[in-house]
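Protein chains in written order, with the working numbering: chain A, 1 to 131; chain B, 1 to 407.
Hints in this document: simulated from the structure, not taken from any laboratory.
Yeah, the Cβ is synthetic: ideal placement off N, Cα and C, and Gly gets one too.
Among the clues, some could well be false.
[Said to hold, decoys possible] In the DSSO-like style, the derived pairs of lysine-lysine whose C-alpha atoms are separated by at most 30 angstroms in a straight line are:
#1 B/323 x B/403
#2 A/79 x A/14
#3 B/323 x B/389
#4 A/53 x A/14
#5 A/14 x B/257
#6 B/354 x A/106
#7 A/89 x B/372
#8 B/166 x B/111
#9 B/75 x B/239
#10 B/239 x B/166
#11 B/239 x A/14
#12 B/209 x B/403
#13 B/354 x A/14
#14 A/89 x A/14
#15 A/79 x A/89
#16 B/323 x B/354
#17 B/372 x A/14
#18 B/403 x B/354
#19 B/372 x B/166
#20 A/106 x B/323
#21 A/21 x A/89
#22 B/111 x B/239
#23 B/354 x B/75
#24 A/21 x B/372
#25 B/403 x A/106
#26 A/106 x B/111
#27 B/209 x B/166
#28 B/372 x B/323
#29 A/21 x A/79
#30 A/53 x A/106
[To be verified] Simulated restraints on C-beta separations:
#31 B/374 x A/11: 26 to 32 angstroms
#32 B/262 x A/85: 54 to 60 angstroms
#33 B/405 x A/25: 32 to 38 angstroms
#34 A/15 x B/374: 22 to 28 angstroms
#35 B/113 x A/3: 55 to 61 angstroms
#36 A/15 x B/231: 41 to 47 angstroms
#37 B/231 x A/85: 39 to 45 angstroms
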Amino acid sequence: MDDLYREIIIEHYKHPSYRGKLEPHDIYFADNNPLCGDHIEITMQVGADGVIKDARFDGHGCAISQASADLLIESIIGKPLEEVRQLNKQHILDLLGIDLGPVRLKCALLSLKVLKAGVYGLGEASDELVE
Amino acid sequence: MLNVTEIRRQFPILQRETLHGARLVYLDSTATSQKPLAVIEAMNTYYRRSNANIHRGVHTLAEEATALYEEAREKIARFINAPSARQIIYTRNTTEAINLVAYSWARANLKAGDLVILTEMEHHSNLVPWQMLQAERGIELDFIPVTEAGLLDLDAYQTLLTRTPKLVAFTHMSNVLGTINPAADIIRLAHAAGAVTLVDAAQSVPHLKVDVQALDADFLAFSAHKMCGPTGIGALYGKADLLEAMPPFLGGGDMIKEVKLRTFRPNSLPHKFEAGTPAIAEAVGFGAAVDYLTSIGMDAIAAHEHEITAYAIERLEEIPGIKVFGPHANYKGGVAAFTLDGIHPHDVAQILDKNGIAIRAGHHCAQPLHEKFGIPATSRASFYLYNTKEEVDLLVNGIYEVKQMFG
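When you get a sec, could you build the whole thing from the sequences and use the hints?
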C-alpha cells in the first residue's frame with residue numbers, strides 16, 4: 001500500500017494546489033467515472049499563441065483520481081495545447097510513479113480524459129483518448 | 001448456533017491467501033457469496049457423469065440430465081414454499097427475472113398512464129426495466145420514499161396506493177441499507193388497492209426464510225449466486241394464473257409445443273419461458289445450494305448474521321468520523337454501508353485489500369439511493385453464514401489503519 005498511497009498522492013489529495021475554477025475560461029469540460037462516481041471538471045485559459053496560461057480542476061473522488069488531476073494540471077500549465085493532445089496514460093503513470101490495476105487506472109486517467117476531450121472540443125470523453 | 005469453524009471448512013476459497021499474503025477476509029457476500037464444496041462437487045459430478053442436453057433425449061445421459069435439472073427446480077420450489085415446481089422459471093439471474101415480468105406480463109397488461117410503484121431504495125435492476133417501459137409505453141412511475149432512518153415511508157405508500165397502481169415492485173431487502181422491508185404488509189396493501197406485486201428477493205432469499213405463500217407474492221425474483229450457488233442462474237416465482245396468462249418471453253427451442261413455418265404454440269409452464277438450452281449444470285448447482293442452506297437451517301443462518309451485523313455496527317460506530325447507513329440492526333440484514341470523513345470509499349477498499357479484507361466500494365447499483373443521502377459512494381461490508389466476529393475486528397483495525405494513512 002505504500003506504493004499505491006505514496007506520500008505524493010496523499011499530499012496532492014489532501015492539499016491540492018490547482019483545485020478551483022477559472023473565470024473566465026477558454027476551455028471547460030467535465031465528466032464522471034460511472035463505476036465509482038468520481039467527478040472531474042477542468043477549466044483552462046489559453047493564450048493566442050495556443051499556450052495554456054492557467055488551468056484548474058474541481059470535483060470529487062478517490063485519492064488516486066484527485067491527486068492525478070492535481071499533478072496533471074501542474075504538468076500542463078505553460079505547455080502548448082499541441083503537446084497536451086499528445087499526452088497518454090504513460091504521462092499519468094509517470095506523474096504518479098506507480099503501477100495501477102485496470103480498475104484504479106480508470107480513476108487515474110479520468111482527469112486526462114476530461115482534459116483531452118476539452119482540448120479537442122469533443123462532445124464526450126472516451127477511453128480511446130488516453131490509450 | 002452455527003458451527004462456523006466447520007462451515008468455513010466447507011468453503012475452499014476461504015482457505016486461500018490474497019495477493020498480498022494475507023488471510024482472506026471475505027466481506028462481500030451481498031455482491032456474490034462464496035460456494036461450498038457441495039455445490040462445486042455437484043456441478044463437477046454433473047459434467048463428469050451426466051452431461052447431455054435436456055428434454056426429448058432418450059438416451060441415458062439425456063434422461064439423467066433432465067431429471068437432475070427438474071429435481072433442482074423442485075428443491076428450489078420447496079425452499080420458498082411455492083405450491084408447485086412449474087411456478088419456478090429458471091432465468092439467468094434476478095435481473096433477467098424482473099425483465100421477464102417487464103417484457104411479458106407488463107407489456108401485456110400495462111398501457112399509457114398506468115402507475116407502477118417502486119421504492120427509492122431499489123437496485124438498478126428493479127428501476128431500469130421500468131424506466132425502459134416508461135419510455136416505450138408511457139406508463140407512470142412513482143416511488144415509496146426512504147426515511148432518514150433508512151426505512152420505507154409506509155404512510156406515503158398508502159397515499160400512493162390511492163392512485164390505483166397496476167404494479168408494486170419493491171426490494172425485500174436493500175443491498176445498501178440492509179433494510180428488511182415488511183413485504184407481507186406491502187403486498188397486502190397493494191392487493192387491497194388492486195395491484196399486482198413483484199418482490200426483488202435477491203438479498204432476502206439467501207439470508208432469511210422466505211415463504212411465497214405466506215407473503216402472498218405474485219412474482220418473486222432471486223439469484224443462485226448470492227445463496228452459495230453458481231453464477232448464471234436465477235429464478236422467477238409467479239402465481240400460476242398470472243404465468244399461464246402471460247405471453248412467452250424469449251422465443252426458440254424448448255419453449256414450444258409445436259412449430260409450423262409461420263406459427264407456433266407455446267409450451268406449458270415452466271418451459272414456456274425457458275427458450276434454448278438452459279444453464280443445466282448451474283441448475284444442478286442451484287439445487288445443491290438449496291440443499292446446503294436447508295441442511296444448515298435458514299433460521300440459524302439469519303440469527304448468526306444478525307449477531308455479526310449488530311456487533312459490526314457497534315464496533316464501526318466507535319470509529320471517529322464514520323457514518324453507518326441504514327436502520328438499527330433489528331430492522332436489517334447482514335449489510336453495513338458506511339462513509340469515512342475525508343476518505344473516499346475506493347481508497348478505503350483498496351487499503352483494506354492489502355490486509356486481505358474484501359469489501360465493496362461504490363454506489364452498489366443503487367445510485368438514486370446514494371443521491372438521496374447526498375453521497376457519491378459508500379464502502380460496504382456484508383456478512384454471511386461463514387463470517388466471524390474476528391473478521392469484524394480485522395475490518396475495524398483495518399479502517400483505523402486507513403485513517404492513520406490519511407491522518
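We went through each hint and held it up to the structure:
{"no.": "1", "hint": "B/323 x B/403", "verdict": "14 angstroms, holds"}
{"no.": "2", "hint": "A/79 x A/14", "verdict": "26 angstroms, holds"}
{"no.": "3", "hint": "B/323 x B/389", "verdict": "20 angstroms, holds"}
{"no.": "4", "hint": "A/53 x A/14", "verdict": "25 angstroms, holds"}
{"no.": "5", "hint": "A/14 x B/257", "verdict": "66 angstroms, violated"}
{"no.": "6", "hint": "B/354 x A/106", "verdict": "20 angstroms, holds"}
{"no.": "7", "hint": "A/89 x B/372", "verdict": "35 angstroms, violated"}
{"no.": "8", "hint": "B/166 x B/111", "verdict": "10 angstroms, holds"}
{"no.": "9", "hint": "B/75 x B/239", "verdict": "18 angstroms, holds"}
{"no.": "10", "hint": "B/239 x B/166", "verdict": "16 angstroms, holds"}
{"no.": "11", "hint": "B/239 x A/14", "verdict": "56 angstroms, violated"}
{"no.": "12", "hint": "B/209 x B/403", "verdict": "38 angstroms, violated"}
{"no.": "13", "hint": "B/354 x A/14", "verdict": "22 angstroms, holds"}
{"no.": "14", "hint": "A/89 x A/14", "verdict": "23 angstroms, holds"}
{"no.": "15", "hint": "A/79 x A/89", "verdict": "17 angstroms, holds"}
{"no.": "16", "hint": "B/323 x B/354", "verdict": "23 angstroms, holds"}
{"no.": "17", "hint": "B/372 x A/14", "verdict": "26 angstroms, holds"}
{"no.": "18", "hint": "B/403 x B/354", "verdict": "14 angstroms, holds"}
{"no.": "19", "hint": "B/372 x B/166", "verdict": "26 angstroms, holds"}
{"no.": "20", "hint": "A/106 x B/323", "verdict": "27 angstroms, holds"}
{"no.": "21", "hint": "A/21 x A/89", "verdict": "24 angstroms, holds"}
{"no.": "22", "hint": "B/111 x B/239", "verdict": "22 angstroms, holds"}
{"no.": "23", "hint": "B/354 x B/75", "verdict": "40 angstroms, violated"}
{"no.": "24", "hint": "A/21 x B/372", "verdict": "26 angstroms, holds"}
{"no.": "25", "hint": "B/403 x A/106", "verdict": "24 angstroms, holds"}
{"no.": "26", "hint": "A/106 x B/111", "verdict": "42 angstroms, violated"}
{"no.": "27", "hint": "B/209 x B/166", "verdict": "28 angstroms, holds"}
{"no.": "28", "hint": "B/372 x B/323", "verdict": "15 angstroms, holds"}
{"no.": "29", "hint": "A/21 x A/79", "verdict": "19 angstroms, holds"}
{"no.": "30", "hint": "A/53 x A/106", "verdict": "27 angstroms, holds"}
{"no.": "31", "hint": "B/374 x A/11: 26 to 32 angstroms", "verdict": "27 angstroms, holds"}
{"no.": "32", "hint": "B/262 x A/85: 54 to 60 angstroms", "verdict": "58 angstroms, holds"}
{"no.": "33", "hint": "B/405 x A/25: 32 to 38 angstroms", "verdict": "35 angstroms, holds"}
{"no.": "34", "hint": "A/15 x B/374: 22 to 28 angstroms", "verdict": "25 angstroms, holds"}
{"no.": "35", "hint": "B/113 x A/3: 55 to 61 angstroms", "verdict": "58 angstroms, holds"}
{"no.": "36", "hint": "A/15 x B/231: 41 to 47 angstroms", "verdict": "43 angstroms, holds"}
{"no.": "37", "hint": "B/231 x A/85: 39 to 45 angstroms", "verdict": "42 angstroms, holds"}
The structure is inconsistent with the numbered hints 5, 7, 11, 12, 23 and 26, although it conforms to all the rest.
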